[in-house]
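A.B. asks: One-letter residues, chain by chain:
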Amino acid sequence: MAATAPDIAAPRAPRNRRTTRTNWELYGWLFMRASGVLLLILIFGHLFVNLMTGDGIQQIDFAFVAGKLSSPFWQTWDLLMLWLAMIHGTNGVRTIINDYAERIGTRVVLKSALYLAFTITVTLGTLVIFTFDPCPPGSPDDLLPALCFD
Amino acid sequence: MTAVLENPEADAATEVGAVPSFDVTLRVRRFNPEADEPEAYWEEFTVTAYGTDRVLDALHKVKWETDGSLTFRRSCAHGICGSDAMRINGRNRLACKALLKDLDPAKPIVVEPIKGLPVIKDLVVDMEPFFASYREIMPFLVAGGPEPSAERRQSPAERERYDDTTKCILCAACTTSCPVFWTDGQYFGPAAIVNAHRFIFDSRDEGGAQRLEILNDKEGVWRCRTVFNCSEACPRGIEVTKAIQEVKRAMITRAF
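Heads up: the protein sequence lines correspond to chains P and A, in order.
Under the UniProt record's numbering, think of the first position of the first sequence as 1, with each following residue one higher.
Under the UniProt record's numbering, think of the first position of the second sequence as 1, with each following residue one higher.
Among the hints, a few may not be true.
One side only, chain P facing chain A, incomplete, derived with CB under 8 Å [as the list claims (entries may be wrong)]:
#1 Asn23
#2 Glu25
#3 Trp29
#4 Met32
#5 Tyr100
Cross-link-like lysine to aspartate or glutamate pairs, in silico, DMTMM-like; alpha carbons within 20 Å at most [said to hold, decoys possible]:
#6 A/Lys115 - P/Glu102
#7 A/Lys218 - P/Glu25
#8 A/Lys167 - A/Glu213
#9 P/Lys111 - A/Asp184
No wet-lab data here; the hints were simulated from the structure.
Built from N, CA and C at the ideal position, the CB exists for glycine as well.
Given the sequences, and given the hints that come with them, work out the whole structure.
C.D. replies: Okay, here's the thing in structure tokens:
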């Protein structure tokens, strides 16, 4: 660019919009589609196994959940479901906030609340999936479920 | 005001092919920036119109015979220049392409300025934000190499690839029907993407990567929610949403 470049009128005027120059929104858009398909399988698989197989809805109790969470297969399934659903949902709400919240302040507040909720849910959920122990050692017997004494 | 003979003696002669006339009420959203306290308000005008009249003819009649202060844009008045896009009965249309008889003249016809752009006066809006987005996508041929001595040749199939998006007349009916554009006006809008599409898919153009880069912005194509308002609003029948999706696809294939 020569220093004496003449004032070039639009259309070649510099862009006033800040470029984001990343593929962030592209990946976000693609992720929504991919995770959507995966979630369909994961959620309906989850519902089918819990409600249709075995004794159906009658079988669901503390012991049933404890049993599922002790199997690495269901740990992986639940972890995938948790993360995909949370990222998918959070990204969806993020776009809704971008679409409907006009004031910057409103956006910041809503998005902070959203990301906080996301972090808490994902952290707690992940912790439960990996550290769940139906019979923690050293607990008083009257607080433990029956399956700990089998 | 076509098909109307000024000569009253011709009445008897034209009776056979006479065009039926009817009274129609226009409910116009008005805004006068020079008023003491500028505020938008509704005003109703009743005019006698004919079966061949368009909304534009009725607006002309009001402006020329009732209230000369009524302000709106129109240039060619035949659906080519794209000046008179307005919100008629809740839908963006060209006033010169909307026949009164198709709009149920029994009820008042609601005429508003297109939404999402600042109103200057009555039905005239500031189109500058719209054209700024248009300029950003570089709506001109970007071709490298030495300038050829003859035309830059293209096969009919290559021309067909982007034929649909060449029809755009920049009337802003699509962009101002888009709910994402309405919120903060930062989104590039369908019209800018349509005109980028016209060059991105042109075999002679070499600026496609740059244009895709521009539209990959967070206010670019990814804000499209496939609402289809733009496709419905387009007075030229451009498949706007489809064009936007094709630009998205081009970006994805470029990224992977």
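A.B. asks: Compare the structure with each hint and give your call.
C.D. replies: Going down the list of hints, with the structure as the test:
1. Asn23: holds (5 Å)
2. Glu25: Cβ of P/Glu25 sits 4 Å from chain A, so the hint holds.
3. Trp29: Status holds, d = 5 Å.
4. Met32: violated (10 Å)
5. Tyr100: holds (6 Å)
6. A/Lys115 - P/Glu102: holds (16 Å)
7. A/Lys218 - P/Glu25: holds (6 Å)
8. A/Lys167 - A/Glu213: violated (24 Å)
9. P/Lys111 - A/Asp184: Within the cut-off at roughly 17 Å; holds.
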